[in-house]
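**Student:** Those protein sequences? They're chains V and B, same order as listed. Be aware that the first sequence starts at 24, since it is given in this note's numbering, and climbs by one per residue. Be aware that the second sequence starts at 50, since it is given in this note's numbering, and climbs by one per residue.
Among the hints, erroneous ones may be present.
Listed below are the simulated DSS-like cross-link pairs for lysine-lysine, each with C-alpha atoms no more than 25 Å apart in a straight line [as the list claims (entries may be wrong)]:
1. V:LYS280 <-> V:LYS215
2. V:LYS266 <-> V:LYS280
3. V:LYS223 <-> B:LYS99
4. V:LYS223 <-> B:LYS76
5. B:LYS76 <-> B:LYS99
6. V:LYS30 <-> B:LYS121
7. B:LYS59 <-> V:LYS313
Treat the hints as calculated values from the structure; they're not laboratory data. From a predicted model like this one, the values you see are computed outputs, not experimental measurements.
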Amino acid sequence: MKLRTAKFVVKEGFVNTYRNVLMSLASMGIVAASLVILGFFWIITVNIKYNTQFLKDQPEMQIFCNPEMDGHQLGMLEWTIGRDKRIKEYEKVDKKQAFEKAKEMLGDDKDVLEGLDESFMPVSFIIKLNNSADYGEVVEKYKNYPGVDSVRYSKKAIDYINRILRGLQIGSSLLIAILVVIAVFIIANTIKLTVFARRKEISIMKYIGATDWFIRLPFIVEGIIIGLIGAFVSFLALFIIYKLGGGWVQNDFIMVKLVGMKDVAFQLIMVSCLLGSLVGASGSIISIRKYLRV
Amino acid sequence: MVEFKTVVKKYSNGTVALNNVSFNIKKGDFTFLVGPSGSGKSTILKLILKEEEPTEGSVFVNGYDLSVLKRKEIPCFRRSLGVVFQDFRLLPNKTVYENVEFAMQITEALPKEIRRQVPMALALVGLSRKANAYPNQLSGGEQQRVAIARALVNNPSLIIADEPTGNLDPETSWEIMKLIQEVNMRGTTVIVATHEKSIVDKMQKHVIAIERGEIIRDQEKGQYENEVKDSKICC
Ligand SMILES: Nc1ncnc2c1ncn2[C@@H]1O[C@H](COP(=O)(O)OP(=O)(O)OP(=O)(O)O)[C@@H](O)[C@H]1O
Ligand SMILES: [Mg+2]
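Sequences are here, hints too, so could you generate the full structure?
**Tutor:** Right, dumping it as structure tokens:
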């Protein structure tokens with residue numbers, strides 16, 4: 024296609040959008056609304072991931088030894104752990120550290136430890152696995168290791184969060200898919216109206232020898248304009264919602280830390296624009312198909 | 050230039066619009082296609098434009114065998130024709146100038162070419178002064194002139210007109226017909242489907258008469274009806 028044809032096509036697209044200003048506005052509103060819902064879910068997903076990150080950083084597994092375990096056994100255990108290929112890294116928590124930690128955790132009640140010293144505290148190893156699927160085997164192996172008292176693991180919590188996250192992802196993907204289909208359908212119908220109003224023009228164009236693409240492209244441009252403006256509006260709306268709603272959430276739930284808008288804005292606007300223009304273009308292509316058969 | 054070989058056209062609802070039609074139109078000819086309503090005139094023109102496919106037989110236009118023309122090649126083929134309709138079919142949102150310009154834009158013509166050809170075509174049909182008017186601001190005759198200018202502007206070798214004067218008063222009809230004749234004298238082959246007996250009789254051109262889908266007469270320098278028959282029916 025030649026440059027002047029491209030110019031012509033884009034100009035026609037803009038003129039048509041403007042000419043159908045009411046229908047175009049309605050479609051833009053619907054695209055914007057769909058994208059707002061979509062973006063809202065996306066932001067929630069991002070924030071949940073962000074806020075549960077610390078759970079993943081927590082020790083996956085901790086091996087507690089008997090407080091009476093002797094140095095030789097301890098050495099054997101540490102040596103075994105150090106050589107275990109399934110274990111990515113480990114950290115030894117000795118009696119003294121454990122005592123400090125206990126005091127710290129008890130806080131104001133630390134006088135219960137009055138008169139006690141660190142000797143009754145167990146030595147423990149915080150372990151990170153290479154592959155969390157191995158945790159069953161590892162637990163089994165060290166649980167019965169001489170001198171080991173117990174093996175604790177937070178695998179369940181992690182599993183739980185992973186499951187929630189996955190559910191949320193599947194749910195939002197499903198929702199996104201449904202919203203996209205609805206938006207395509209609505210844009211297709213809007214453009215179908217404009218195509219229908221201009222079917223005579225289309226047949227005239229065909230009679231004087233316009234190619235299908237020459238006829239189609241201005242409509243596609245029209246769809247993309249609608250989609251992009253809708254995307255931009257949705258971005259603004261989300262930005263405002265996030266600004267206002269974000270402060271409220273952070274005040275009332277001290278635990279929650281929100282991802283900064285700056286960090287998500289770029290991705291959000293890219294995804295919105297991409298989806299918006301895709302939805303617009305496919306809506307146009309669907310609606311014009313029938314009228315090209317002259 | 051245009052040749053029909055034993056063409057049968059049966060529409061999907063069973064109507065046989067053309068039954069074994071054969072004729073030949075030579076380059077530079079001015080041909081009238083005459084016949085009563087429903088006789089199949091528009092069907093012939095639709096076959097020439099490849100808007101419809103013949104059920105049997107073959108159609109040749111401008112050296113193209115239309116039965117082997119691919120869908121993708123149709124736009125290119127149609128650009129070698131000019132079409133004029135009874136209802137003008139101008140784009141309502143474009144000015145006179147833009148309507149004519151549009152026919153060149155779709156061929157991706159050079160802007161320089163467009164700026165030269167469009168005023169020339171408008172001058173030929175005598176509408177230079179109305180270049181910036183919109184179709185709804187023009188009389189029927191003027192709109193038809195714009196349509197003719199649009200049909201001409203790409204220098205087609207063949208112009209097809211389906212009842213170009215059907216919506217016009219007799220005087221304007223004459224002007225339009227004379228304009229089409231002028232186009233023909235510049236070397237363009239012309240096919241006009243019409244009911245207008247007076248015009249056909251006066252102009253003495255090639256006449257193909259059709260009735261109920263069959264050619265009943267094909268005559269150089271002919272008239273709307275046979276003279277003998279004419280005198281019988283005329284009151
Ligand atoms: N798309 C179609 N589907 C079915 N039948 C059709 C179709 N187009 C035309 N016909 C039929 O074919 C026959 C010929 O129609 P055509 O339009 O060629 O006549 P015409 O000579 O142009 O008539 P008029 O002078 O009224 O324009 C008619 O009986 C008409 O009803
Ligand atoms: Mg007709």
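**Student:** Against each hint, give a clear statement of whether it holds in the structure.
**Tutor:** Hints, one by one, checked against the model:
Distance check on the hinted pair: V:LYS280 and V:LYS215 sit about 46 Å apart at the alpha-carbon level, beyond 25 Å; violated. Between the alpha carbons of V:LYS266 and V:LYS280 the distance comes to roughly 14 Å, so the proposed pair stays at or under 25 Å and holds. Of the pairs offered as hints, the one joining V:LYS223 and B:LYS99 holds, with about 18 Å between alpha carbons and a cut-off of 25 Å not exceeded. Note on V:LYS223 and B:LYS76: the hinted pairing is violated, with a Cα-Cα distance of about 31 Å set against a maximum of 25 Å.
At roughly 19 Å between alpha-carbon atoms, B:LYS76 and B:LYS99 fall within 25 Å of each other, so this suggested pair holds. This hinted pair checks out: V:LYS30 and B:LYS121 have alpha carbons roughly 23 Å apart, not beyond 25 Å. At most 25 Å may separate the alpha-carbon atoms for a hinted pair to count; B:LYS59 and V:LYS313 meet this at roughly 23 Å.
Hint compliance for this structure: hints 1, 4 are broken, all remaining hints hold.
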